[in-house]
Amino acid sequence: MQKKSFTVLLITLAFIIVFFLSVPILKMFVGVGSDKLIETIKDGEVLASIWLTMKVSAWAMMFVLITGLPLAYIIARYNFPGRSLIESIIDIPVMIPHTAAGIALLTTFGDTFLGDFFKFFGIEFVGTEYGIMIAMMFLSAPFLINSAKDGFRKVDVKLEKVARTLGASPISVFFRITIPNAKKDIINGALMMWSRGLGEFGAVVILVYHPMTTPVLIFDRFNSYGLSFSAPVAAVIIGFSVLVFLAVRFATSRLK
Amino acid sequence: MSYLQLENLSSTIDDFVLDNVNLNIEENEYFVLLGQSGSGKTRLLETIAGLNSSSGKIVYKDKDISELHPEQREIGFVYQEFALFPNLNVEQNIKFSSKYKKIDNSKELFDDLVDFLKLGELLKRDIENLSGGEKQRVAIARALFSRPKILLLDEPLSAIDPTFRNSIMKSLKDIHKRYDLTTIHVTHNFREASYLANKIAIIMNGKIQQVGRSEDVLNHPANIDVAKFLGFKNIFPSSLLGFSSSSKFFSVDPNVIHVSNKEKPTCDYTFEATLEDCMGVVDHYKIFVNVENHQFFIKILKREYEGCYANGGNKVFIGFDKKDIGFI
Numbered sequence: 042m043q044k045k046s047f048t049v050l051l052i053t054l055a056f057i058i059v060f061f062l063s064v065p066i067l068k069m070f071v072g073v074g075s076d077k078l079i080e081t082i083k084d085g086e087v088l089a090s091i092w093l094t095m096k097v098s099a100w101a102m103m104f105v106l107i108t109g110l111p112l113a114y115i116i117a118r119y120n121f122p123g124r125s126l127i128e129s130i131i132d133i134p135v136m137i138p139h140t141a142a143g144i145a146l147l148t149t150f151g152d153t154f155l156g157d158f159f160k161f162f163g164i165e166f167v168g169t170e171y172g173i174m175i176a177m178m179f180l181s182a183p184f185l186i187n188s189a190k191d192g193f194r195k196v197d198v199k200l201e202k203v204a205r206t207l208g209a210s211p212i213s214v215f216f217r218i219t220i221p222n223a224k225k226d227i228i229n230g231a232l233m234m235w236s237r238g239l240g241e242f243g244a245v246v247i248l249v250y251h252p253m254t255t256p257v258l259i260f261d262r263f264n265s266y267g268l269s270f271s272a273p274v275a276a277v278i279i280g281f282s283v284l285v286f287l288a289v290r291f292a293t294s295r296l297k
Numbered sequence: 160m161s162y163l164q165l166e167n168l169s170s171t172i173d174d175f176v177l178d179n180v181n182l183n184i185e186e187n188e189y190f191v192l193l194g195q196s197g198s199g200k201t202r203l204l205e206t207i208a209g210l211n212s213s214s215g216k217i218v219y220k221d222k223d224i225s226e227l228h229p230e231q232r233e234i235g236f237v238y239q240e241f242a243l244f245p246n247l248n249v250e251q252n253i254k255f256s257s258k259y260k261k262i263d264n265s266k267e268l269f270d271d272l273v274d275f276l277k278l279g280e281l282l283k284r285d286i287e288n289l290s291g292g293e294k295q296r297v298a299i300a301r302a303l304f305s306r307p308k309i310l311l312l313d314e315p316l317s318a319i320d321p322t323f324r325n326s327i328m329k330s331l332k333d334i335h336k337r338y339d340l341t342t343i344h345v346t347h348n349f350r351e352a353s354y355l356a357n358k359i360a361i362i363m364n365g366k367i368q369q370v371g372r373s374e375d376v377l378n379h380p381a382n383i384d385v386a387k388f389l390g391f392k393n394i395f396p397s398s399l400l401g402f403s404s405s406s407k408f409f410s411v412d413p414n415v416i417h418v419s420n421k422e423k424p425t426c427d428y429t430f431e432a433t434l435e436d437c438m439g440v441v442d443h444y445k446i447f448v449n450v451e452n453h454q455f456f457i458k459i460l461k462r463e464y465e466g467c468y469a470n471g472g473n474k475v476f477i478g479f480d481k482k483d484i485g486f487i
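Just so you know, the protein sequences line up as chains A and B, in that order.
First residue of the first sequence? That's 42 in my numbering, and the numbers climb one at a time after it.
First residue of the second sequence? That's 160 in my numbering, and the numbers climb one at a time after it.
Please note that the accuracy of each hint is not assured.
[Claimed, not checked] Here are the simulated lysine-lysine pairs, DSS-like style, with alpha carbons at most 30 Å apart:
#1 K308(B) to K202(A)
#2 K225(A) to K254(B)
#3 K202(A) to K336(B)
#4 K258(B) to K220(B)
Rather than coming from a laboratory, the hints here were simulated on the basis of the structure.
Only a predicted model underlies this, so the values are computations on that prediction, with no experimental measurement involved.
Next up, chain A with everything else stripped away, as it sits in the complex (with noise of 0.2 Å):
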């Protein structure tokens, strides 16, 4: 009898929790309605910054692929002096509030000597893609480091070891023993950086308000129009990112 309430109380409480992480997502599709959401898919402007939040958030997902993963790499192969502190220095940004870091990025990257020094290359960080760029990095980044750490960590080194006394070089082995094995937690942590960056509005907004990353843009409907035109915009893009999501999942899970 004990052991039946108890089985009760636990199936209750998470009912509720998945009620509250699902009821709002699937009212979104619900109380919009189909016509107002066509008539949004059909919306050039709604469509452009769909296109261009998904755009930039992978851009800075490939960026920190390519100087994330050897970073990880290091700090899940070799003991050094310092490694917690880097460890510490790539959680930071989870912790701390997401207008904070858009200050403090506008403030480096901003009108300041590194800010020229870019300029001086052609790139603009104060109301262009590479700020947007910056913004969902900074903040998303994390997720994928963090999570190829870990996969790296599931490597185990005498897998490394036996490739390099069968001829591989270093390099060779990272592409084609190292990556392969941590595939899964990659994949995994470039999903949950790309999705991550999709959503970021307090960085951006401080950074770029123009040209409108989709949380902008529904910020931006929802203050000058109202909710029944910024609804059927997040319903969209909550939409194309679950498709998107999937899609990847579906081809990894099809990669051996």
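Using the hints provided, position chain B relative to the given structure of chain A.
Structure of chain B alone, referenced to chain A:
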């Protein structure tokens, strides 16, 4: 000049020190490195393969290879846990080295390995679906396919079901001959060593304690630690036998000690002893007696004796002959 020479080879990683290892290994020798877990056996193998930073010299066929990268040494490595690549199937695992090395007569070699190691059925399988023995055969085939001159085997039998160990030991010997190898085999099991080895080195705490022909090392340990590790029992100072040297020790097999509760046995050495304990185990008794504060361990067959000397504290006589003593 030996085929493979290790000269003052040292390597320190974390807290473990591999300390000034000097070994000479001849061509086509089956060399067994014997030591307990944590003694530095695997570390030494990895150092020979160039996988650890080290000081000292490794000379192979009169050429110093200490500075060569692992991929440039002609060394094959089989780890205890086999370290097969999970992202590749059996055939891809075996052929891994062909991407990086030119393998002479690779087709013939591959077919021969598949045939000799009975891998035909497994080639397209994923490695997670293999048994321990199958994984080992794949790992050996993978190492041999790179045509190494020296094969390093790290505890190759410890992850294998005990029922297959004898047959695998035999195949290891066959592989060594068939592929014209010089093998360095690491183990903690001295029976394995005595069956396989031409030469044995005993390693303890990162230091080589003794090197020699298999039967010499196994029968004449160089010091007490080696003797204890090799399973020698009843190790006592030779002063007990009346010798003046206090630094020498002797050992006597528990199975050859005579014991009687009535009279002194007719042996070269006899002692009066106090019985401390007697345990009946299946077909024999384990008897512990005290002679001048040294505890002797004796094994006697039940069918040859009438019961145990049950009462602790009783006086008994023990004896053994000169020929049964080994000096350390």
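Verification of the hints:
For the hint pairing K308(B) with K202(A), the CA-to-CA distance comes to about 18 Å; that is within 30 Å, so the pair holds. Annotation: proposed proximity of K225(A) to K254(B) holds, straight-line Cα distance about 24 Å (limit 30 Å). Among the hinted pairs, K202(A) with K336(B) is consistent with the structure: their alpha-carbon atoms are about 26 Å apart, no more than 30 Å. Straight-line distance between C-alpha atoms of K258(B) and K220(B) comes to about 26 Å, which keeps the hinted pair within the 30 Å bound.
When held up to the earlier numbered hints, the structure conflicts with none and fits them all.
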